[in-house]
Structure formats: C-alpha cells, structure tokens
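**Q** The lines below spell out each chain.
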Amino acid sequence: MEDLTSPLQDVRGTSGAAGDPGDDTLLRQFADGDAAAARELTDRLGPRSFSVALRMLGNRAEAEDVTQDAMMRLWQVAPKWVPGQAKVSTWLYRVTLNLCVDVQRKKKPDRLAEVPEPEDGEPSVADRMQDMARKDALQDALSQLPDRQRQAVILRHMEELPNPEIAGIMGVSTEAVESLTARGKRSLAAILAGRRDELGYDDG
Amino acid sequence: MNWGMTMADDTTELEQLFAQARQARSGLPDELAVRILTDAESVRLSRMTPVLQPRRSLWARLLDGFGGWPSMGGLVAASAAGVWIGFSAPDFLPDPATYIFAQDSSFVVADLGLDTTFLEDAE
Chain A
1 MEDLTSPLQD VRGTSGAAGD PGDDTLLRQF ADGDAAAARE LTDRLGPRSF SVALRMLGNR
61 AEAEDVTQDA MMRLWQVAPK WVPGQAKVST WLYRVTLNLC VDVQRKKKPD RLAEVPEPED
121 GEPSVADRMQ DMARKDALQD ALSQLPDRQR QAVILRHMEE LPNPEIAGIM GVSTEAVESL
181 TARGKRSLAA ILAGRRDELG YDDG
Chain B
1 MNWGMTMADD TTELEQLFAQ ARQARSGLPD ELAVRILTDA ESVRLSRMTP VLQPRRSLWA
61 RLLDGFGGWP SMGGLVAASA AGVWIGFSAP DFLPDPATYI FAQDSSFVVA DLGLDTTFLE
121 DAE
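In order, the protein sequence lines correspond to chains A and B. Residue numbering for the first sequence follows UniProt numbering, beginning at 1 and increasing consecutively. Residue numbering for the second sequence follows UniProt numbering, beginning at 1 and increasing consecutively.
Chain A with its partners taken away, still in its complex shape (with noise of 0.2 Å):
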C-alpha cells in the first residue's frame, strides 16, 4: 500500500529554487508591466492547469477553454495577489478544478471521452492502439468517479502533489485527501477489473 502521508516533492518547482524567481514573484513582476513574466508563468502553470483539465472533462477543446481562463483569472488577480498567501499554483489548481465543474455542470451526460494520443517516441502501432485503449480505459474509469474522488486521484496520481497542497487546492483536511484518493483508487480498480482480459495488462 502506498504510503500516502509522505509528501512528494515538487519537482517541478514553483519556489524558486535554484536562483529562479517563485511564481508570486513573476506575478508581482508581470502586475508591475513585465511581459516576460506572463510567459514564464505560462510555462510553469499552463501545463499543469491544461493537464488537470484534460483528464477531469476527457475533452481537449473544454479543457483549453479552461486552461485559457484560469490563466486569464490568474492574470487579473497579479495586482491584488498577496505573496506568500497561498502557492500561486494552488491557487491555479482550485481555479482549474472549479471551472471544471461548471463545465460538467452546463453539459448533460456525455462521458465519451476524448483523450489525445500520445506524443512521446515511436512506440510501434501495436503498443500506440494497446496505450491509447488503456489510456482510454483509465479515462473511462475516472469519468465515472464522484467529482471529488476524481480531483483527489488526479491531483495525486497524475500530478504527482503531496497531500497537503491538495487538501488545499480542494479545501478539505488532508485525511480527506487521503480517503478520497484511496476510495477513487478502489472504485477505479473495480471498474477496470472488468476489462482486463481486453487490455492485455499481463503482455505488458
């Protein structure tokens, strides 16, 4: 069982380690006029956003939308934010995961989800179509988790933060974190034990 206590480190690094200067740093830099800020941040927290919103909607054009107005948001808050506040990706994130659910709220059911290829290597034909139906399969599965479950196994497995920043992004205590990540854990590997045999889990 993993241990969900530990905390994983931000490898990615919004703290400006290293000499680089932190997100609220740019966000102060680009509230002040720099231009080359809103680039920067865009490379940092873009990603991150459009990742998160990608697999919470399983659909690339809601999910750009998304991205495009959390950074929007981001970029209006920059002359009010309050440095060391809150991790401006933190923030990002909540942002991220609330127009999300509006999305889902505004569209009836429509869980066909449509996820994009894999862009890595040259994997040949074979494995391309046997990633791209697991691939699907995880999709599937996290389309039919409890919102919140979803956010937690996301935030978690995908975007790999500690517990602790997503009991913040998610406003809850970080024992919430813990029983949401480990219920949508269960729940997924219910639903995927049904197409094992069609995955082809045990050739990989």
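All clues given are correct.
Just some of the chain A residues that point at chain B, by a computed CB distance under 10 Å:
id, residue
1, Phe-30
2, Gly-33
3, Ala-38
4, Arg-39
5, Gly-46
6, Ser-49
7, Phe-50
8, Ala-137
9, His-157
10, Glu-160
11, Lys-185
12, Ala-189
13, Ala-193
If you're looking for bench data, these hints aren't it; they were derived computationally from the structure. Yeah, the Cβ is synthetic: ideal placement off N, Cα and C, and Gly gets one too.
Based on these hints, arrange chain B on the given structure of chain A.
**A** Then chain B, alone, in the frame of chain A:
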C-alpha cells in the same frame, strides 16, 4: 485502509496505468499558449494605459484650494460676521468711519485753500 491490501494486484495495475498516463501527458498546445499570452498582453496593456480623469470645473478646483466644503463653512461664517460688524459695530469696537473721515480741521481738503493757490499761480 486495510481493505486496500485485498486489492494489491489491481492497485499495482492501476499504478502502471497512472505511470503511463503521466508519461503520455502532453504539454501546453502551442495554439493554447498563444491564446493565453494574448490574454496576458491585453490585460497588461490595459493596466498600463493611464485612466483619464474627467476635467474638473474651476469651481471644484477652487473649492479644493480652500480646503473643501468644511472650510467653506467657516469662510461663510466669517464673511457674514464681517458684514454684520460693518453694519452694526458693537460698542467696544472703534468706529472705522472715524479713521476714514477725520474730524481734525487741518485735514479738511477745503481748508487748504487750493482754489486760491491755483488762482494765484495762474496769475
């Protein structure tokens, strides 16, 4: 969370799926990055454009020079007191008229005899 131990195989497979999904995670599409940066630029430029203040009237600027409405109250009161004193001076105040129209005959213009003087010069 002991129940998780009964699903160890499923959990392992799930971890594999997560790992593959993380590996396949795509970055920010270029077109989306352009949209985001366009937004950022519009926000940045709108913030850098100074907000034009509506031109204020002469009266409003004069009022500010005096210290606004509160000080105007005092100014009006002082002016009214001045007018009143001018019309009806209290006994303890000297009558300014005595300074303007001096009673001393030596200061009366008529007594200077200017008419006579001028006439003498003309002659």
